[in-house]
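Number of protein chains: 4
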Amino acid sequence: MPEIYFISLKKISMKVCFFFLLFVSTITWAQDPSKNKSAVVASVDKHQKELTHLSDQVWSFAEIAFKEAQSSKVLADYAEAQGFSVKRAVAGMPTAFTAEYGTGKPIIGIMGEFDALPGLSQKAQPTKDPLKEGAAGHGCGHNLFGPGSLGAVVAIKELIAAGKLKGTIRFYGTPAEENGGGKIYMAKAGLFNDLDVCLDWHPDYENKANMQSSQAIIDLLVEFKGKSAHAAADPWNGKSALDGAELFTTGVNFLREHVKPSVRMHYVYRKGGNVPNVIPDEASVWIWIRDSKRIGMAEVEERVRDIAKGAALMAGVQYDIKVQTGDYELLINETGAKALQKNMEWLGPITYTNEEILFAKKIQKEAGIEETGMKGEVKPLEKTKEDPDGGSTDVGDISWIVPEITFLGTTAPYKSPWHSWVVVACGGMSIGHKGMLFASKALATTMVDLFENETLRKDIRAEFEKKKGNNVWKPMVPDGPPPVPKQ
Amino acid sequence: MPEIYFISLKKISMKVCFFFLLFVSTITWAQDPSKNKSAVVASVDKHQKELTHLSDQVWSFAEIAFKEAQSSKVLADYAEAQGFSVKRAVAGMPTAFTAEYGTGKPIIGIMGEFDALPGLSQKAQPTKDPLKEGAAGHGCGHNLFGPGSLGAVVAIKELIAAGKLKGTIRFYGTPAEENGGGKIYMAKAGLFNDLDVCLDWHPDYENKANMQSSQAIIDLLVEFKGKSAHAAADPWNGKSALDGAELFTTGVNFLREHVKPSVRMHYVYRKGGNVPNVIPDEASVWIWIRDSKRIGMAEVEERVRDIAKGAALMAGVQYDIKVQTGDYELLINETGAKALQKNMEWLGPITYTNEEILFAKKIQKEAGIEETGMKGEVKPLEKTKEDPDGGSTDVGDISWIVPEITFLGTTAPYKSPWHSWVVVACGGMSIGHKGMLFASKALATTMVDLFENETLRKDIRAEFEKKKGNNVWKPMVPDGPPPVPKQ
Amino acid sequence: MPEIYFISLKKISMKVCFFFLLFVSTITWAQDPSKNKSAVVASVDKHQKELTHLSDQVWSFAEIAFKEAQSSKVLADYAEAQGFSVKRAVAGMPTAFTAEYGTGKPIIGIMGEFDALPGLSQKAQPTKDPLKEGAAGHGCGHNLFGPGSLGAVVAIKELIAAGKLKGTIRFYGTPAEENGGGKIYMAKAGLFNDLDVCLDWHPDYENKANMQSSQAIIDLLVEFKGKSAHAAADPWNGKSALDGAELFTTGVNFLREHVKPSVRMHYVYRKGGNVPNVIPDEASVWIWIRDSKRIGMAEVEERVRDIAKGAALMAGVQYDIKVQTGDYELLINETGAKALQKNMEWLGPITYTNEEILFAKKIQKEAGIEETGMKGEVKPLEKTKEDPDGGSTDVGDISWIVPEITFLGTTAPYKSPWHSWVVVACGGMSIGHKGMLFASKALATTMVDLFENETLRKDIRAEFEKKKGNNVWKPMVPDGPPPVPKQ
Amino acid sequence: MPEIYFISLKKISMKVCFFFLLFVSTITWAQDPSKNKSAVVASVDKHQKELTHLSDQVWSFAEIAFKEAQSSKVLADYAEAQGFSVKRAVAGMPTAFTAEYGTGKPIIGIMGEFDALPGLSQKAQPTKDPLKEGAAGHGCGHNLFGPGSLGAVVAIKELIAAGKLKGTIRFYGTPAEENGGGKIYMAKAGLFNDLDVCLDWHPDYENKANMQSSQAIIDLLVEFKGKSAHAAADPWNGKSALDGAELFTTGVNFLREHVKPSVRMHYVYRKGGNVPNVIPDEASVWIWIRDSKRIGMAEVEERVRDIAKGAALMAGVQYDIKVQTGDYELLINETGAKALQKNMEWLGPITYTNEEILFAKKIQKEAGIEETGMKGEVKPLEKTKEDPDGGSTDVGDISWIVPEITFLGTTAPYKSPWHSWVVVACGGMSIGHKGMLFASKALATTMVDLFENETLRKDIRAEFEKKKGNNVWKPMVPDGPPPVPKQ
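Residue numbers (the numbering used here), protein chains in the order written: chain S, 1 to 487; chain V, 488 to 974; chain U, 975 to 1461; chain X, 1462 to 1948.
Worth double-checking, as some hints may not be accurate.
Derived lysine-lysine pairs resembling DSS-like cross-links, with alpha carbons at most 25 Å apart [as the list claims (entries may be wrong)]:
1. U:LYS1357 / V:LYS870
2. V:LYS747 / U:LYS1267
3. X:LYS1732 / V:LYS758
4. S:LYS271 / U:LYS1234
5. S:LYS383 / X:LYS1721
6. U:LYS1234 / X:LYS1686
7. S:LYS293 / X:LYS1721
8. X:LYS1876 / V:LYS714
9. S:LYS227 / U:LYS1339
10. X:LYS1846 / S:LYS293
11. S:LYS322 / V:LYS796
12. S:LYS225 / V:LYS747
13. U:LYS1357 / V:LYS872
14. V:LYS615 / X:LYS1846
15. U:LYS1234 / V:LYS747
16. V:LYS780 / U:LYS1296
17. V:LYS619 / S:LYS309
18. S:LYS385 / X:LYS1844
19. U:LYS1442 / S:LYS271
20. V:LYS714 / X:LYS1732
21. X:LYS1688 / S:LYS385
22. V:LYS712 / S:LYS260
23. U:LYS1201 / X:LYS1876
24. U:LYS1079 / U:LYS1442
25. X:LYS1507 / X:LYS1625
26. V:LYS712 / S:LYS309
27. U:LYS1201 / S:LYS415
28. S:LYS383 / X:LYS1846
29. S:LYS260 / X:LYS1846
30. V:LYS852 / X:LYS1688
31. S:LYS365 / U:LYS1201
32. X:LYS1688 / U:LYS1283
33. S:LYS309 / V:LYS809
34. V:LYS872 / U:LYS1267
35. U:LYS1448 / U:LYS1267
36. S:LYS415 / X:LYS1721
37. X:LYS1770 / S:LYS260
38. V:LYS809 / X:LYS1732
Note that these hints are calculated values from the structure, not bench results.
Computed from a predicted model, the values in this text were never measured in an experiment.
Make a model of the complete structure from these sequences and hints.
Spelled out as structure tokens, the structure:
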């Protein structure tokens, strides 16, 4: 579920937004950005064409979760060609890989996604028109995500190779973000355990160092099994699984009064009977439960489990609850975000040509949103809200294993609806490319800090440890291998 | 619950009614009614004034369930004055009594009710006008029931006293029929155990030997206990007992698809919260479950109990189910009913004066029903329906202990709504009195058969044993003493 | 929906069953069955091989509703080859046809079905094994239905051709009985208007002249349209179509208390949302409403329509109710049934070989039902129940246009579950064939009566007119052409 | 509904943001508190005994809403005795009155409540023990509220009389706060229209200048009317009003997903049927709807009205929605609150004796809360939360007519549960008295500012006008006179 980003982008009406220019950073910052920073910026510029090409390739492959064979391959091949040591098909997923360079500590990681969304095929043009009817498309901008992150690690690799930085840089090719929780399975395999800091980024319609958490979520499939009977002839001999499902959702709706305002519960019917004259012996409800914190979510989950049990009793049927996946809330690392913010501010705004602005306004018009064009400027650092806006991500889980810093970079017109043709269109042309290259630079310069500045790493770690407390990360995905579909 | 009668009266549209003139009765019947029969008819005529006076006294006392002190007293006193041996305050109920005459077998019993209904006070006139605003009234005709039965036993007593009949006659003063199940507590005390046959009758708008069963019923109070909280400030700290109650009834409504067409379930809210801003910590639902047979009802009861448990789980609250009372279905004794039918036919129709017919039509007009007047004729014996019309009675329990014969006698205009002022009005004047005296005669003549005809008693008992099978009567009322209210 | 038959077969516990040997038929019956009757029996025997071959062809084609191209063709071709005048693709359905012979009145019709059921492929053997995995199969025995009826009309045609009978015989090839209501569209096209009497039969596990009605039914699709929103981010901006659907079904469940015991309502969810994080903007419920009579059903339908409207109001969404199809209750023609019964009794029982009985018992064992073998005897005429058992058929509609006589013939072991592999297996071997040939004979002999006996036709018509009253048949299917799927 | 106070007291976990000493007040404040302030403090001290006596009288009268005859009288009499011009029985309420002194502008008002709560009788001791079983008690501290406000106006009156202040001081004796919305009817009568500023206070467990709004609320009675029928005999002839009520609440529970997190909806059943065997023809639900703003509440109210309409359609019954009362959200006047805060800080903390602290701890122990004793200090000014905690008050309405300043004063141990015996106990002894006298002083000193400082009045008015915008106050109570119960 990548929807956290969708949300953070979409929901501009973030009523809080207190700016924090007052506090004096305790993090030391070189008076002038180091030469290494200038070097990584130059590196990204140098590889611009290759990165853009990679992005366009992944954009045109448009492969969905767990099926990103070509996308994964071009990225891994490029990393290998750049001198990285690549491990493919890690953690039981054919399209998951890591690419590493350097030795010893610190070890700085970054994640790159590359899966597309079904049904969103679209040409790189400002009017809606599928490239191939019914095919998938990069409606979440993941074609930019992978290459953008890769651009950053290549820049760092060159400094390590030149002896300018010491330690290890590692790229995580993380599949199935949209559906499957690929990162969680990589985390279960221990692949993040030795990192000092991890970074990631996500396409957005604003540039910011992310300061907002995401909601913890659990994804449950609640299945009921009853007994068929002819609904006209002897309905009294049937036990309706559908009754079980309906009573379950009714119970959930009654529970809404008694959960905190930050809780979200939403469901659909997976199975709701076949034909009216047969009392359904199978029915199922797919439900997601969220709250700002995993602990709050877990309390509600317990109640929902009781409701399922109660509904089954009521309908006289059997029930089963399958945990399908689940994400932790994102643990914000403010120290890391501030470091990122400084680099973003130094890199200055993304600027757009008149053509790009017209393209953006045209697309906004088509999408029925205000024709405000592009937001290339760097937004001031936000204050973390008490409760995040609605949305969840599997980056949340990683943030409980290692301090996580997230960059959000403009790749689409202001207020673009995410998971839509609009994002696909911009991701396939210069607006998307510019955001991606800015991401590479923002991430690489921040990595320079992380390599150079041990105090920064310690401060980041200290904040992480304090926020994490003695919580132990327990992945919410079911035991067993990742749900990779069979070929 | 006397509603069985209410129903049998009200629901004329009894679609079945096949008449059975074909079969040859195996019951021998004296070519001419015995002299004893003429004697009991004469006895009832002789005591007409006293019986009418008793009825009018009980009518004017209009005492409700368990509070029938005066009504019980005048009936018991009369029996005593007639030479009966009276036991008062039996079975833990101050107003229950038995009155017995004679010795040895056979022992023939009859029941007499005398409790009124709250709020039905009405003058003995054809327009609605309470005798005393807000007071009780005999809307079910029980003022006639007790004296009518007493008239029959007095007639039999005189024959026993004269040596014309041998055995014992016993009158049961059965309180609290409308609310409390007085007969069941008398039965629990073993008071019906030694009877050969038991009779009863009930005011109606037709004359018939009852061939219709009644529904078995269980009366449950389902109570939920939760936890209060301020409904605006912290509803998430509350557990709503009202949610429990509402989910319970929702479950019951979903169950309706899966019960047989003969099942009835109906409920009201006893407690549904006090004030909106407090999450209710108490709520309760009063529910009745019925089916044609106790066994079918018991199956549904199990499901309803599971629903209560499920609802409590759903709402996160506690629950408790209190059995308040319950009636068995009435076991029809066709052999007995046929014997009664013959006597009814011999006694011929009840005839009415012009004044009575006008009174009846006036009352029908006032009550908004067709002005058809009185039905004094004796109806042919009906066929027992597969499923009885809706209604239950505690006579049902007695019918599982001893063969039961029920007479229904016209005491109100055709299609009168029972439990209404109409029934009160007619019960206080000649229309009611005529029905009562006809009841005394029909019951007494049938008792003559029962005393005289051992074969008939054997046939009745054989049918009873066959229908009862190896079922053992287990009263459904809660353990402990009858729910007599404290003074 | 052919389920009426399924039901009549399945529900042996028909509590009523009054036998009527008493009444003296007013229908004159030739002391000895006419020579014409012997002739039609001989004709069926003569064509036995061809009819069996036709049945086996249709059995192996196993074509589902509206796609019965080959099945329809072989039957129509056979009729044409026998000298019938065939009209193909009538009433807007490519597989509907009529085959007629003779001229003038009376005109006697008979229906023949030939559609299979999806997923029921099975070999003609007593253990479950699909002929072709996943393919369709004749689980309702319609492969026998078409040829069996055809055998009867061929026999009659020969008598007309020989001048032994006068009038017209017409066969209706009625497609899509299982799903689509083919007969209703043929009736809308007026194809039954000139008939004197119509016959049909259906495979069953007993031989009887059908005396039981079927339930009137209406098949509705209730669709809700709301507004999507992100279920975690801004659920308050969404209007849930699924809420509409759930509130609708809740309302239906609350209604159950307030419909007569003969009413049946049952539903499934067609659309219940896609993914939990999107407030569903579309949801739909597929519901069937039935009652013993169309008028009762129509009253309930009105209530259900109000419930849909109320649910839409509650959820703040739009709704639409589509009538998909609907059947009238079957108007039983007792006069016709008695005529059929006499012929059945004359034809005597179907007898089975030891091999067939072993086959039947083996199949009963496999299906988990009592090993009682075959019921080849002719059952006494039943009494029509006040309320039919649950089930509906589009033959019901025809029975309001023309007097209808239905034969039920044994083609499967006693108590076989209909719409199952068991019926497919027997339909493809001698047990099925025997039932089909008996059907041809029972129908043809009854047709002889109908041609020969004007009084009988008049009596049948008089009963029909009396029962029909001044009701005018209004088909419940939607306006427009039949729902024939596009190729 | 006085529950706002209950809430603000109870909910200490107010996660959001206190402190704001940073900003420099634009309100001018005399370097030294004026001599007039010292004078009002002295005046309160001078009248201490009388005020305490008044409080104790009202405490012992313990009269509930609209029945505060004696309480109203002693307060009005005291005002009159102090030279105020008193108008009794204003705005159609026998116990409402105003007491005024002085002439001309400015006109400063203050409100005083005096109604008790049913069932809360309690002695002035630290263990639970009713003064009179079942009687009312001052569980919300209104016995202190009236006299405390009166103490303030008496002090101001003396300064006006002495020529030290110019203008008019007015006391509003506001009845029926707990149930009835007395203030709203006084406001409808125009009694607040000429005020410059209005003040009020409320007993609490902390001392603060209130900066928190309250929720807008509407109080609805939703009544359903159906048609009775015997629930066992012919439930299909009934239309259940209770079904209407239950479907209504079900709809409300489904709506919860689609309202903002700040919305609260809660209900109880007023009528839920009488006896199970009668289909209820009457049922009603009492529901309160709240949101942070009236406009948000009004949107939800529209949806709830549709749900009631939909439920009635579903159940086939009639419905009616009665608006019983409703409150506006409280419009916070920060300028006024700051002025109050300064005076509170000048007046310093309330100090307690060891006996009082022991009394407080004892009561905390009895009530099962932490034994933290009393909080006499003045709390720093809070920041207004985006959404208030749950609770509503009819002071809200006044705050849309005239700028309102609310003082909250400690009269009970820390975290005392409001509307409980604890508050009654403390209100009848020195802890309550001390809080009341502090209230008199805090309010009177602030009034001095309001009389002396025209700029302050202007700033307060300007903030009021700005926040109010062009909204026009429309009382939500029904048309017609106040709901004063008949004697």
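Hint by hint, here is what the structure shows:
1. U:LYS1357 / V:LYS870: Since the Cα atoms of LYS1357 (chain U) and LYS870 (chain V) sit roughly 16 Å apart, the hinted pair holds (cutoff 25 Å).
2. V:LYS747 / U:LYS1267: Holds, because 19 Å separates the two Cα atoms, which is no more than 25 Å.
3. X:LYS1732 / V:LYS758: 9 Å, holds
4. S:LYS271 / U:LYS1234: Distance ~30 Å between LYS271 (chain S) and LYS1234 (chain U) Cα, so the pair is violated.
5. S:LYS383 / X:LYS1721: 22 Å, holds
6. U:LYS1234 / X:LYS1686: Given that 25 Å is the threshold and the Cα spacing comes to 22 Å, the pair holds.
7. S:LYS293 / X:LYS1721: 19 Å, holds
8. X:LYS1876 / V:LYS714: 19 Å, holds
9. S:LYS227 / U:LYS1339: 21 Å, holds
10. X:LYS1846 / S:LYS293: 21 Å, holds
11. S:LYS322 / V:LYS796: 23 Å, holds
12. S:LYS225 / V:LYS747: Holds: LYS225 (chain S) and LYS747 (chain V) sit about 22 Å apart, inside 25 Å.
13. U:LYS1357 / V:LYS872: 16 Å, holds
14. V:LYS615 / X:LYS1846: Violated, because 63 Å separates the two Cα atoms, which is more than 25 Å.
15. U:LYS1234 / V:LYS747: 12 Å, holds
16. V:LYS780 / U:LYS1296: This hinted pair is violated, its Cα atoms lying about 41 Å apart.
17. V:LYS619 / S:LYS309: 54 Å, violated
18. S:LYS385 / X:LYS1844: 16 Å, holds
19. U:LYS1442 / S:LYS271: Violated: LYS1442 (chain U) and LYS271 (chain S) sit about 42 Å apart, past 25 Å.
20. V:LYS714 / X:LYS1732: 22 Å, holds
21. X:LYS1688 / S:LYS385: Between LYS1688 (chain X) and LYS385 (chain S) the Cα gap is close to 53 Å, so the pair fails against 25 Å, i.e. violated.
22. V:LYS712 / S:LYS260: OK: LYS712 (chain V) and LYS260 (chain S) at ~22 Å, within 25 Å.
23. U:LYS1201 / X:LYS1876: 45 Å, violated
24. U:LYS1079 / U:LYS1442: Answer holds: LYS1079 (chain U) to LYS1442 (chain U) is near 22 Å, not above 25 Å.
25. X:LYS1507 / X:LYS1625: 18 Å, holds
26. V:LYS712 / S:LYS309: 19 Å, holds
27. U:LYS1201 / S:LYS415: 19 Å, holds
28. S:LYS383 / X:LYS1846: 16 Å, holds
29. S:LYS260 / X:LYS1846: 17 Å, holds
30. V:LYS852 / X:LYS1688: Holds. LYS852 (chain V) to LYS1688 (chain X) sits at ~21 Å (cutoff 25 Å).
31. S:LYS365 / U:LYS1201: Holds, at about 21 Å.
32. X:LYS1688 / U:LYS1283: 21 Å, holds
33. S:LYS309 / V:LYS809: Holds. LYS309 (chain S) to LYS809 (chain V) sits at ~23 Å (cutoff 25 Å).
34. V:LYS872 / U:LYS1267: 21 Å, holds
35. U:LYS1448 / U:LYS1267: Given that 25 Å is the threshold and the Cα spacing comes to 14 Å, the pair holds.
36. S:LYS415 / X:LYS1721: 22 Å, holds
37. X:LYS1770 / S:LYS260: Answer violated: LYS1770 (chain X) to LYS260 (chain S) is near 29 Å, above 25 Å.
38. V:LYS809 / X:LYS1732: 22 Å, holds
Checked against the numbered hints given earlier, this structure breaks hints 4, 14, 16, 17, 19, 21, 23 and 37; the rest are met.
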